[in-house]
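J.: Whenever a hint applies, use it, and build me the whole structure from the sequences.
In order, the protein sequences belong to chains D and B. Using my numbering, the first residue of the first sequence is number 131, and each one after it goes up by one. Using my numbering, the first residue of the second sequence is number 21, and each one after it goes up by one.
Hints in this document: simulated from the structure, not taken from any laboratory. Worth double-checking, as some hints may not be accurate.
Capping the alpha-carbon separation at 30 Å, the derived lysine-lysine pairs in BS3-like fashion look like this [as the list claims (entries may be wrong)]:
id, chain 1, residue 1, chain 2, residue 2
1, D, 232, D, 248
2, D, 215, B, 74
3, B, 334, B, 88
4, D, 248, B, 88
5, B, 244, B, 271
6, B, 244, D, 215
7, B, 282, B, 123
8, D, 232, D, 215
9, D, 232, D, 287
10, B, 213, D, 255
11, B, 213, B, 316
12, B, 334, D, 248
13, B, 329, B, 282
14, D, 215, B, 88
15, B, 329, B, 74
16, D, 248, B, 329
17, B, 316, B, 282
18, D, 232, D, 255
19, B, 316, B, 327
20, B, 244, B, 123
21, B, 88, B, 329
Note that the structure is a prediction, hence the values are computed from the model and not measured.
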Amino acid sequence: MSDQIDEGLRSELQKRGVWVTSTQELYNWGRKNSIWPLQFGLACCAIEMIATAASRYDLARFGGEVFRPSPRQADLMIVAGTVTKKMAPQIVRLYNQMPDPKYVISMGACAISGGPFKQGYNVLKGIDRYIPVDVYIPGCPPRPEALLHAFMELQRKIDGQKLTGQDKASHLDREQPSEFPVPAFGAHDLEPPSNPNIFRPPAIERA
Amino acid sequence: MSATGFHELEGAPPKAMNARIEGDLMEVSMGPQHPSTHGVFRMNVALDGEVVRKLKPVFGYLHRNHEKIGENTSYLGSMPYTDRLDYFCSMTNNWAYALSVEKLAGIEVPERAEYLRVILAELTRLQNHVSLLGFLLSDMGAWGTPLMYAFREREKILDLFESLSGSRMMCDYMRFGGCRVDAGPDWFARAQKIIDAFPRFLDEFEELIVSNEILIARTQNVGKLSAELAINAGITGPMLRASGVNYDLRKVDGYGIYPRFKFRIPLGDHGDCYDRLMLRALEMRESLGILNQAMKEIPAGPIMNPKVKVRAFKPPIGEAYGRIEGPKGELGFYLISDGGASPYRYRVRPPSFINLTVLEDLCLGHTVADVMVILGSVDIVMGEVDR
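T.: This is how it looks when you write it as structure tokens:
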């Protein structure tokens, strides 16, 4: 099945005043322009997230200004700040409570890898150990422009998602999990230390 | 039978009218994910209907091992970490840390650097107080508008910080014995422009909020803090002064070059949320006065003490406690040196955390909706509370 419209035919029809689209394009267009983030800040990056939503940078231009305090109404989780081992279970639980399709932006060095606090005994070394992350933004903290860029990258990703076929989006695949096990405190550390189904760091080969 | 029906129960008082329905307290966990907890703060609240009967704060959701890292890194290496303590006020955090190291090692600071520090600390106070007012009003339900106004002004000050230090929020600007980079005449011209325009914004903002009926109803007589309790609990900063205690380290300690400036300390009468809110508005006006004086008087000269070896810095054996009046209260760093390259003990005295200890006393007897207003008026930042 072809889900692409012939571009030549489309422009030809557009010249005659006929606008042609496919269900997939229309559906993705609607989704990507009304991403509602979860109103949820952890640390310093959250202030830059608020600045992005506030007057100068104005996230509303990208359809993302509707910050929802409840995960049940949110499409996007912006993990903005240091994830501590005490907070990590709550974040996974919040992620599990979000309805599909859901996306995650890992904002700042801390959420990616622990950042400057990586050596700390209470700091989780990256939220991607427990939940799948769509866009990573480096920076400590990233500038609001960087968050806008991540937002546009996410829109691009949503735009390219297929609704049918073999390579359809993972949230449409019944086999793919949409909830992930919540870690708990064991004797010394969070158990399990990571979710092996999600967290597959590249093997580093040292000579 | 009378119209009210009560006279039938001759002799016995009408029982059902004013008697409270006795029931179990309901425990509610507010946070760590809550839109108004200013980060990841959790309160376990026991509610009687809507009224708070018990409140237990739960900390540690942002414990980032600041002190432990400080003991394992060099003296200079801790400077960027202090930015991330109270992430609204990196400049004042830098200053407090630099001050305690300077005390520890007996370092002199050049005149121009002292002036730059005062200018940047007062600009930090402006942007901290203005964003606090925005957040507080946002918590009260004025969703959007005040925060937008506040962040519009905050961005202007952040622009100044960025052009000077290279970063909007994490400035890492001060060093032991001075400052990192000098500000040119261009920077001062831009800063003066922002300072000159600020009173107009304050007038506008105060007009918006001060006489607002809803704001008065939500804040007056809410969360009263007596001067006695404030002193006993070690409260500092605007929260203490809103209770009527005249204690400002800029006057008491006179650290840096603050004794040279003429400014007044605003004080509150009632110690309620309204006083705490208005006190910040008044403090901003005094800060503008200090800024104007400092901008006029700033001398030319070096900004760094040339004798200080910033790298491979090893202070003599000893201990020191340096404190400043941060926008949130007394921010202090206690350092013990064993003569090595990193401190033996590194302790932060965080104003937000200590101001938070009276939260239960403030909230008891108020409704659960007032808890958010009280918490907002305490002015906490979780990075500093949990460290």
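J.: It remains to establish, for every hint, whether it holds in the given structure.
T.: Going through the hints against the structure:
1. For the proposed pair residue 232 of chain D and residue 248 of chain D, the alpha carbon gap of about 27 Å is at most 30 Å, so the pair holds.
2. With a C-alpha separation of about 27 Å, the suggested pair residue 215 of chain D and residue 74 of chain B falls inside the 30 Å cut-off, and the hint holds.
3. Proximity of residue 334 of chain B to residue 88 of chain B is assessed by CA-CA distance (about 19 Å); at most 30 Å being required, the pair is judged to hold.
4. Straight-line distance between C-alpha atoms of residue 248 of chain D and residue 88 of chain B comes to about 12 Å, which keeps the hinted pair within the 30 Å bound.
5. Distance restraint check for residue 244 of chain B and residue 271 of chain B: the Cα-Cα separation of roughly 26 Å lies within the 30 Å cut-off, and the hinted pair is therefore satisfied.
6. Between residue 244 of chain B and residue 215 of chain D the CA atoms are separated by roughly 36 Å; this puts the pair beyond 30 Å, and the hint is violated.
7. A threshold of 30 Å between alpha carbons decides the hint, and for residue 282 of chain B with residue 123 of chain B the separation of about 25 Å falls inside it, so the pair holds.
8. Simply put, residue 232 of chain D and residue 215 of chain D have alpha-carbon atoms about 23 Å apart, close enough for the 30 Å limit, and the pair holds.
9. Straight-line distance between C-alpha atoms of residue 232 of chain D and residue 287 of chain D comes to about 12 Å, which keeps the hinted pair within the 30 Å bound.
10. Annotation: proposed proximity of residue 213 of chain B to residue 255 of chain D is violated, straight-line Cα distance about 44 Å (limit 30 Å).
11. Pair hint residue 213 of chain B plus residue 316 of chain B holds up; C-alpha atoms about 13 Å apart against a cutoff of 30 Å.
12. Distance restraint check for residue 334 of chain B and residue 248 of chain D: the Cα-Cα separation of roughly 25 Å lies within the 30 Å cut-off, and the hinted pair is therefore satisfied.
13. For the given pair, residue 329 of chain B sits about 35 Å from residue 282 of chain B by alpha-carbon distance, which is inconsistent with the 30 Å threshold.
14. This hinted pair checks out: residue 215 of chain D and residue 88 of chain B have alpha carbons roughly 16 Å apart, not beyond 30 Å.
15. At most 30 Å may separate the alpha-carbon atoms for a hinted pair to count; residue 329 of chain B and residue 74 of chain B exceed this at roughly 52 Å.
16. At roughly 28 Å between alpha-carbon atoms, residue 248 of chain D and residue 329 of chain B fall within 30 Å of each other, so this suggested pair holds.
17. Note on residue 316 of chain B and residue 282 of chain B: the hinted pairing holds, with a Cα-Cα distance of about 13 Å set against a maximum of 30 Å.
18. Annotation: proposed proximity of residue 232 of chain D to residue 255 of chain D holds, straight-line Cα distance about 22 Å (limit 30 Å).
19. For a cut-off of 30 Å, the pair hint linking residue 316 of chain B to residue 327 of chain B stands: about 28 Å separates their Cα positions.
20. Taken as a hint, the residue 244 of chain B and residue 123 of chain B pair is broken in the structure, with Cα atoms around 37 Å apart against an allowance of 30 Å.
21. Of the supplied pair hints, the one linking residue 88 of chain B and residue 329 of chain B holds, its CA atoms being roughly 24 Å apart against a limit of 30 Å.
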